[in-house]
Amino acid sequence: MSEEANAERGPWALALRRFLRNRLAVAFLGVFLLIVVFVLAAPLWADHVAHTGPNQEHTVEQITVDGEKKDVVTPEGKPIGPQWFNAGGKFFLGADSRLGRDEMVRLMYGGRTSLLVGISAALIATFLAIVLGLLAGYFRGWVDSVIARALDVIWSLPVFLIGLAIGIALAVGGLKIGPLELSSGSLWNPILIISIFTVPYIARPIRGEVLALSKKEFVEAAVAQGAGPLRVMFAEILPNLASTIIVFFTLMIANSMLFEAGLSFLGAGVQPPNSSWGTMITVGVDLLRIQPLLAIAPGFMIMLTVLSLNIVGDALRDALDPRGKARMDAALQFEAQAGTVSRDEGALAP
Amino acid sequence: MTRFIARRLVGMIAVLFAVSVIVFVVFMVVPKQNPAQSLAGKNATPLLVKNIEAEWGFDDSLPQQYLTMMKKVFTGELIQYEPRIPVNDKIVEGIPATFSLAIGAAVIWLFFGLLLGYLSAIRAGGWLDRFLTGVSIAGISIPVFLLAPVLLYFLTYKVEIFPNGQYVPFSEDPAEWLNHLILPWFTLAVLSIGFYSRVLRSNMLDVMNEDYVRTARAKGLSERQVMTRHVLRNSLIPVITLFGLDFGATIAGTAIITESIFSIDGVGKYAADAVAKFELPPIMGVALYGAFFVVLVNTVVDVVYAYLDPRVRLGESASK
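Taken in sequence, the protein lines are chains A and B.
Residues in the first sequence are numbered from 1 upward in steps of one, following this note's numbering.
Residues in the second sequence are numbered from 1 upward in steps of one, following this note's numbering.
For the record, the hints were derived by calculation from the structure and aren't laboratory data.
Mixed in with the good hints there might be a few duds.
Below, in silico cross-link-like pairs of lysine-lysine (DSS-like), each with a Cα-Cα straight-line distance of 25 Å or less [as the list claims (entries may be wrong)]: (1) A:176 - B:50; (2) B:277 - B:90; (3) B:219 - A:176.
Sequences and hints are given; from them, build the entire structure.
This is how it looks when you write it as structure tokens:
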């Protein structure tokens with residue numbers, strides 16, 4: 001942090017001030033928080049407004065709309081369209097398919113899954129990246145070579161395609177490695193796939209920073225005082241990585257959510273009975289001609305969430321690290337690719 | 001240069017090996033369910049499962065099983081079991097559609113991406129720049145699984161301007177081929193248009209500060225000559241790398257989703273259908289071939305980049 005004029009304030013207070021000055025980012029932080037409230041309110045809406053669950057089918061039922069009886073699903077299999085509040089909040093966005101499930105309730109519960117997978121995958125990836133980045137950057141030598149090569153390999157894989165293959169293999173057969181056992185429908189399957197394939201995006205910048213930081217005087221001072229590797233890594237170096245970690249974590253949630261949506265859309269991500277915004281689009285696309293909202297509403301929610309996280313992430317980077325332009329460009333590429341590609345320009349960097 | 005190419009080739013082989021091992025482990029080693037059962041499909045008879053077990057040698061040692069798998073994939077013996085069709089045949093069938101989609105989209109995104117980026121950079125800070133930046137960010141932010149349904153609904157169902165997906169081979173009817181591909185092309189291109197214009201803009205702004213640009217101005221070149229001959233040309237080198245990577249990545253990523261929404265019978269749709277039906281052999285084939293293709297493209301791109309920008313290959317050997 002470089003603003004000497006404000007030396008009496010802490011760097012975090014300065015960063016907060018810079019962030020709050022960015023009106024767009026503050027607005028989109030609000031949007032993101034609203035989305036979180038929206039998905040958390042799912043049980044309330046389901047129990048008190050829609051009176052149904054996300055997987056409850058209403059195939060041969062009728063509802064009262066403005067005093068008139070209407071089929072939830074017509075005999076031809078056409079689901080009812082958006083009712084807004086005409087049916088007392090039931091079928092606010094209509095029914096999802098010939099199964100007659102309440103689209104609004106599904107949108108709220110599906111959002112929970114999407115956010116849960118996105119945040120969990122980002123947490124795991126960030127954690128792994130911190131450990132790997134610290135080990136590689138601090139110990140250097142062969143430890144660094146092994147970790148850096150492994151990251152390079154993952155980085156140059158077509159991650160979406162491989163993720164798709166793994167997703168479907170796990171969805172068919174489940175997973176059993178020693179004591180670790182996952183059933184075929186487990187949410188852990190997409191979470192683990194996404195987190196492992198996105199580790200390099202965050203581990204590489206962290207490793208670079210650790211390499212630079214571990215040459216600094218304060219690290220030498222700590223070593224001279226007799227600090228062991230663990231203390232140097234976690235007590236001395238780690239706190240200096242905080243701003244990088246916060247920024248990349250935010251961007252990583254957005255990226256993981258897009259990855260999850262892509263996998264789930266194709267059927268290799270979240271498996272029934274769970275649903276996510278991605279799986280909802282799959283159902284909706286089949287009925288696009290007659291009920292376009294079924295595909296567009298979940299897609300729009302994904303876009304809104306990802307967009308707000310990206311804008312907040314960008315603003316955080318500007319606020320926490322006003323000089324980090326080089327990293328900004330790297331992250332721009334990373335956002336744009338949104339979990340569907342790999343990039344190999346790391347192999348070109350000196 | 002030879003040394004650089006050799007290094008990249010070794011790297012490429014390592015990545016290809018890693019890909020094949022990952023696929024092998026995920027399909028054959030870690031699943032809880034008997035892999036023969038998984039390969040056979042949901043409605044397989046016990047006899048078919050037995051046959052597959054024998055065919056794939058699931059009693060052999062793991063390295064032997066790995067070799068069997070690789071041999072099957074690359075000699076065209078990999079088959080999907082219901083109905084019984086060689087996976088290679090289906091992949092070859094799908095290639096024209098997939099490449100039509102990806103190449104067309106690439107032409108569009110390069111043209112518009114570079115045009116918007118160039119306009120943005122020469123008017124940096126002005127209203128046009130701000131407008132184009134807004135457009136780019138909007139483009140980058142729309143995921144294909146939102147853009148595709150929106151375009152399809154409004155431009156095909158609501159107002160019948162474009163046909164509903166499908167693929168018409170170029171050899172059959174070039175006009176229809178074009179007409180059917182316009183929406184999918186734009187769906188794939190929008191993200192990259194936004195991204196490329198941002199990248200070119202920032203590259204050009206960096207290059208504009210270089211000494212040789214000042215020299216060019218000082219020796220009396222017109223602004224147009226400075227921009228096209230000196231600034232644009234030097235800003236394009238990183239874009240070339242990016243393009244090579246994106247092209248491979250598009251085929252292995254967003255194209256699958258696009259083909260699936262627009263019902264284009266390409267390799268991606270083949271994979272998407274197999275995923276929907278829980279059929280493993282096609283996925284195995286598409287993943288391996290797709291990954292190999294992408295990694296190969298990336299290697300070629302690296303070599304081209306090193307050829308265009310000597311700093312890269314010199315840097316590599318200097319660091320040794």
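| query | In ascending order, which of the hints set out earlier in this document are inconsistent with the structure? | reply | Hint 3 contradicted; others consistent.
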